[in-house]
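Visitor: In case you want the letters, here they are:
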Amino acid sequence: MKLNTIFQVLVPKDNKFISLFEKGAINLVKTSELLKELVLVSDDIEKRNSMIKGIKEFEKCGDEVTHTIFDELNKTFITPFDRDDIQSLTSSIDDVVDGINSACKKIKLYNPKKLSPEFTKMADYIYEASVEINRAIADLKNIKNSPKIHEACININTIENLADDLNHQYLSNLFEYEKDAIELIKMKEIMQNLERAVDCAENVSDVLKAIIIKNA
Amino acid sequence: MKLNTIFQVLVPKDNKFISLFEKGAINLVKTSELLKELVLVSDDIEKRNSMIKGIKEFEKCGDEVTHTIFDELNKTFITPFDRDDIQSLTSSIDDVVDGINSACKKIKLYNPKKLSPEFTKMADYIYEASVEINRAIADLKNIKNSPKIHEACININTIENLADDLNHQYLSNLFEYEKDAIELIKMKEIMQNLERAVDCAENVSDVLKAIIIKNA
Amino acid sequence: MKLNTIFQVLVPKDNKFISLFEKGAINLVKTSELLKELVLVSDDIEKRNSMIKGIKEFEKCGDEVTHTIFDELNKTFITPFDRDDIQSLTSSIDDVVDGINSACKKIKLYNPKKLSPEFTKMADYIYEASVEINRAIADLKNIKNSPKIHEACININTIENLADDLNHQYLSNLFEYEKDAIELIKMKEIMQNLERAVDCAENVSDVLKAIIIKNA
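Residue numbers (numbering that gives the first Met the number 0), protein chains in the order written: chain A, 0 to 215; chain B, 0 to 215; chain C, 0 to 215.
In short, the hints are calculated from the structure, not lab data.
Some clues are possibly wrong.
[What the hints assert, rightly or not] With a straight-line cut-off of 16 angstroms between C-alpha atoms, the simulated EDC-like cross-links for lysine to aspartate or glutamate are:
| id | chain 1 | residue 1 | chain 2 | residue 2 |
| --- | --- | --- | --- | --- |
| 1 | C | K22 | C | D81 |
| 2 | B | K113 | A | E175 |
| 3 | A | K178 | C | E58 |
| 4 | C | K107 | B | D164 |
Computed from a predicted structure; not experimentally measured.
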């Protein structure tokens with residue numbers, strides 16, 4: 000048993016780190032909510048671009064939370080979990096927001112004519128995974144919640160599998176039916192960027208699983 | 000001299016880890032054998048897709064070997080080489096199989112009209128590199144075999160250089176002669192995925208070289 | 000205070016490592032100088048290909064410097080900065096040269112008809128960032144120069160932001176006006192490779208910033 004682990008037992012878990020994780024997770028939910036709206040207004044370029052700006056703002060907000068957590072980590076002697084886990088959890092949540100932002104940057108740059116219903120579906124998956132992450136983070140306060148956290152992780156994995164299938168189905172159709180090569184490039188890359196955001200959500204789930212195993 | 004190193008001298012090398020590495024390496028050879036067949040039947044979509052399923056099965060099998068080795072590593076006090084090297088060797092072999100599987104997934108998704116002879120050549124290189132890996136792994140049993148392992152590593156590096164040249168030559172021709180942009184995208188990505196599998200084989204060779212230097 | 004840090008205070012900074020860093024940085028400046036020329040002669044294929052060969056030579060030279068530094072590191076007990084920082088600085092400088100070489104390999108393979116003025120601009124940014132890196136490395140000799148190093152880092156960050164904007168503007172125009180999908184693929188990838196070289200220059204700046212903070 001490491002010294003930090005011994006101290007952790009004595010320290011209440013509802014501390015500043017949990018609050019900061021919650022801040023990051025809520026920011027992620029807001030980001031994916033806006034993404035859901037964005038893919039629906041794909042024919043109104045002006046509205047779309049203003050939403051992309053909004054997502055960029057959420058991305059900056061996520062960066063701030065990340066920096067605050069890393070600063071706190073440098074100032075704090077006893078942490079609620081291992082330092083590495085706090086870092087991984089922070090970065091992995093931030094990566095989902097970054098992933099959404101990257102996809103949106105491509106939407107702005109490539110300016111696709113229309114985003115098909117598969118993009119709406121993929122944005123739904125990202126939103127659902129974000130909600131599960133947010134739920135799991137809220138449950139981190141009490142280690143007795145670990146079965147609930149575990150359940151959220153299973154849900155995220157299920158969502159990732161569905162997103163993977165959707166991406167494959169979409170790509171396969173795209174290569175079969177889209178005859179405009181430039182539109183194909185646009186769609187393929189935007190969809191891949193969105194799918195990568197779901198992969199990032201799965202990374203959050205992996206970090207959460209590792210944390211509950213260690214702290215069980 | 001680290002404690003583990005002292006014990007290693009006293010422990011026979013033909014243990015469960017070597018057997019598991021062999022299992023992984025044989026699985027790799029089988030995967031690349033099937034890939035060789037697959038690129039040849041490129042005009043029979045049904046046959047091709049059934050072979051892609053077969054490669055997916057090999058990929059799962061490789062994952063199982065990897066998990067077994069990692070589990071054993073957690074249970075084992077004295078290991079035949081450094082833990083990090085066992086992990087790297089395991090992961091690097093798995094990466095070659097994953098690389099082949101990724102390329103095949105793209106073949107299924109993109110459904111190219113025909114795979115040109117360069118794909119047959121690239122599949123040959125992957126197969127040859129896999130055979131060298133398998134040979135080197137079999138020789139790991141006895142540290143006296145290190146010159147033979149070293150020779151296998153040199154052969155893998157030569158194969159990687161040839162694969163690199165082939166990929167460049169192919170890409171250059173593709174951009175000169177292929178006028179269908181969508182077919183170009185398909186071919187370019189599938190070839191790059193195959194070439195990356197050869198890069199992964201070179202990573203195995205790098206790990207093997209590090210192991211024989213440390214244990215010489 | 001770590002033992003190495005105590006010794007570092009007693010050891011003059013103008014040692015073999017600084018000379019090797021300078022060698023690497025000068026090689027980088029030469030590479031980016033040649034890149035600047037290369038993008039200007041984009042219509043003379045023969046001349047262009049001979050310049051690409053020249054860049055390949057610089058890349059090999061950079062590799063040699065890297066290997067020499069890593070060898071010295073293994074032989075040296077007391078280093079002017081932390082070993083990890085020496086490794087990171089070495090690798091990050093090498094990555095810029097590698098990035099330029101990768102972009103040039105793509106120019107050779109894809110053989111684009113013409114490189115537009117945006118490529119000249121991007122090559123200028125890479126050159127400017129390289130000059131700043133070279134300046135900062137020369138200033139590493141004396142820790143009193145840290146404000147000058149810091150200034151160079153700020154300049155590199157500014158250049159990276161400009162390069163990012165240029166890449167975005169270029170991509171956006173490309174997807175709006177380029178109707179030849181194959182030319183679009185060529186341009187998009189070459190520009191992205193060049194932009195990545197600027198990202199690598201920013202990594203050098205991050206390593207330099209970390210070094211001056213630790214050694215201040």
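Visitor: For this structure, which hints from the list above don't hold up?
Guide: 1, 3
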